[in-house]
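Given next are the chains, with one letter for each unit.
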Amino acid sequence: MSESCKKIAILNASSTINQASKEALDAALIYGSYEQSTSLFFQGEGVRQLISNQQLETVHVKDYLKTMAALAFYDIENIYACKASLVERGLAEGFHLDDVQVLSSDAFSDKLHQHNVILRF
Amino acid sequence: MSESCKKIAILNASSTINQASKEALDAALIYGSYEQSTSLFFQGEGVRQLISNQQLETVHVKDYLKTMAALAFYDIENIYACKASLVERGLAEGFHLDDVQVLSSDAFSDKLHQHNVILRF
Amino acid sequence: MQTLSVVITTPPCSYSTITAIDYINHAIKAGVNVVGVFFYQDGVLNASANIAIANDEYQTHKHWQKLNTEHGVNLHVCITACEKRGLSDDIGDTVNTEVTQSNISQYFTVSGLGELVELTAKSEKMVQF
Amino acid sequence: MQTLSVVITTPPCSYSTITAIDYINHAIKAGVNVVGVFFYQDGVLNASANIAIANDEYQTHKHWQKLNTEHGVNLHVCITACEKRGLSDDIGDTVNTEVTQSNISQYFTVSGLGELVELTAKSEKMVQF
Amino acid sequence: MTILHLQRTSAFDKNDFAQCVLSIKPDDALVLIDDGCYNASHSLFINFKKQNPTVAVFHIQEHAQARAIEINHDQSSPITMAKLVELTFQYNSTITWQ
Amino acid sequence: MTILHLQRTSAFDKNDFAQCVLSIKPDDALVLIDDGCYNASHSLFINFKKQNPTVAVFHIQEHAQARAIEINHDQSSPITMAKLVELTFQYNSTITWQ
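Protein chains in written order, with our numbering: chain A, 1 to 121; chain B, 1 to 121; chain C, 1 to 129; chain D, 1 to 129; chain E, 1 to 98; chain F, 1 to 98.
Keep in mind the hints are simulated off the structure, nothing from the lab.
Glycine residues also receive a C-beta, built at the ideal position from the N, C-alpha and C atoms.
Treat each hint with caution, since some may be false.
[What the hints assert, rightly or not] Derived DEER-like restraints, expressed as beta-carbon distance ranges: (1) A92/A x T80/E: 22 to 30 Å; (2) Q2/C x T58/B: 28 to 36 Å; (3) H71/D x E86/E: 53 to 61 Å; (4) E86/E x T58/A: 14 to 22 Å.
Please put together the full structure from these sequences, using the hints given.
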């Protein structure tokens with residue numbers, strides 16, 4: 001692996017029961033496993049991925065959300081949620097992940113701007 | 001072909017440069033060629049398919065809109081556009097097809113309700 | 001007997017397709033005669049013979065197969081929609097040029113849009129997924 | 001020299017893919033070094049060896065082929081994303097069980113997500129389409 | 001004739017639901033399916049319910065449960081997939097908003 | 001750092017553009033691509049322009065032309081695909097809103 005001090009942002013925009021959301025997480029974990037500085041952003045319908053008590057197995061979908069527990073293992077510690085997206089959807093901040101930072105649209109965008117590569121799924 | 005006095009509605013909801021729009025038209029023409037009573041509805045982004053002076057070849061897309069001229073040949077004469085969708089998009093009624101009936105949301109829905117099978121693309 | 005046809009436009013790895021399969025299974029359980037399923041647009045990708053989904057995930061393709069083999073449900077794919085998406089029943093073999101191969105699953109019937117018209121005529125109800 | 005990688009997530013028959021190819025061709029024309037293209041999600045379907053698009057329509061797959069053969073652009077497909085969508089380089093042959101076949105186009109390189117990380121590291125810019 | 005409207009997308013993401021509510025007549029029914037269940041908390045749905053209190057509205061209970069969505073039964077009746085099959089035959093046609 | 005925002009969907013259809021405009025900073029640029037060109041007549045775009053008159057906005061001329069969209073050059077500058085390649089290297093990163 002060539003040296004890289006790039007910061008990678010994975011911007012999650014799809015709702016929970018969505019192949020795109022699962023494949024976004026797969027990409028984030030790979031960046032993490034290669035020790036790339038990686039942050040996760042949740043905006044729009046993407047914030048739904050953070051909500052507690054979802055039961056994906058009920059609709060025969062494997063609970064990939066559990067895999068998010070591995071994020072810390074790969075040193076993916078910067079996890080940001082857009083407050084406006086949560087408020088718009090009437091969602092409380094009861095997340096199944098610790099350490100999610102809920103940010104105003106401005107602050108959320110500020111954080112995005114600190115990254116060199118941004119992929120949106 | 002078994003006898004059928006069903007009325008088929010193809011509800012076009014996708015913008016012009018979209019594979020779904022082309023495949024919706026293909027389906028409509030087949031229904032027409034089998035002498036099924038078929039109507040075309042354009043709503044939401046779908047109304048854009050009716051607009052004149054589009055130049056699909058500019059972006060390397062074959063101008064399937066020209067094929068709409070064949071609709072009359074297959075006796076597909078009921079073509080409805082949702083006025084609210086046109087107004088919302090600031091589109092004038094300058095269509096490349098004759099005989100498009102522009103209807104209020106209520107009248108548009110009334111017409112939809114006269115069909116036995118409705119496919120939306 | 002109630003008759004039903006279903007149109008599928010979502011691809012095999014979209015979770016939306018699970019809902020469609022669930023619906024068809026419940027229709028069969030309720031004694032509905034499922035005349036046929038017509039695969040169109042990205043839905044034709046369900047007919048690929050080479051789908052391999054991780055063992056611990058929903059095996060969409062195996063559920064289609066089961067609908068065909070155990071319940072006799074006809075699975076029709078639109079060949080025009082197939083070909084532009086990489087599926088064909090007429091692939092030249094590079095070794096033996098006289099035979100052609102297919103990468104469309106044997107549980108699916110290669111059809112055209114005319115079959116959609118047939119299904120429409122033959123079924124009381126037609127539902128799109 | 002400016003370096004660029006491109007991530008493709010749209011399928012071959014989506015007209016969105018034409019825009020991506022147009023962009024890459026213009027990058028090459030401008031003297032940019034296109035380090036690689038990474039196909040992910042439904043984008044992997046571009047790598048199907050059996051796409052047949054009507055002659056009078058844009059031949060997406062031939063344009064990818066041309067980018068590879070004429071401009072040496074590396075086309076990487078994510079094999080995990082491929083397999084759940086029916087593409088594989090390890091298909092058992094029904095006649096001769098000792099050989100395996102591939103339905104992935106020869107112009108594409110079978111890769112994993114690790115290649116996405118490599119491309120990210122090796123390119124000044126990464127653009128998603 | 002009557003239509004059973006199958007709403008599969010979220011109005012927080014796409015604009016199909018806006019078209020759907022404009023198309024519903026008094027004797028039609030609306031079923032929230034898949035991500036369509038998210039609409040239960042969208043203003044389009046809430047306004048629709050206010051203006052059309054007598055239109056039948058259902059949601060697939062398992063689809064709401066999978067997404068941790070709580071829907072007030074005054075607003076929409078939870079149903080199973082088996083019930084959806086029944087409904088298909090009680091209305092003249094269906095439209096799938098997806 | 002600066003971001004080049006590539007907007008590929010229509011706000012008349014999907015809500016990506018609403019998220020895009022919330023994310024644009026003064027030194028960023030916005031490019032309307034593909035169906036994104038339709039946004040030129042959307043209220044989200046018009047309000048964005050009013051509130052951020054100095055942010056650079058472009059559209060791919062051929063993409064607008066293919067769709068018979070006329071965009072006032074005061075609102076957005078028409079560019080070629082070659083220019084888009086140039087822009088890619090003038091900003092620190094890109095986000096594709098699609």
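Consistency of the hints with the structure:
1. A92/A x T80/E: 22 to 30 Å: Once the Cβ atoms are compared, 28 Å apart, the range 22 to 30 Å for T80/E and A92/A holds.
2. Q2/C x T58/B: 28 to 36 Å: About 49 Å separates the Cβ atoms of Q2/C and T58/B, which means 28 to 36 Å is violated.
3. H71/D x E86/E: 53 to 61 Å: At 58 Å between Cβs, range holds.
4. E86/E x T58/A: 14 to 22 Å: holds (21 Å)
The structure is inconsistent with hint 2 alone, although it conforms to all the rest.
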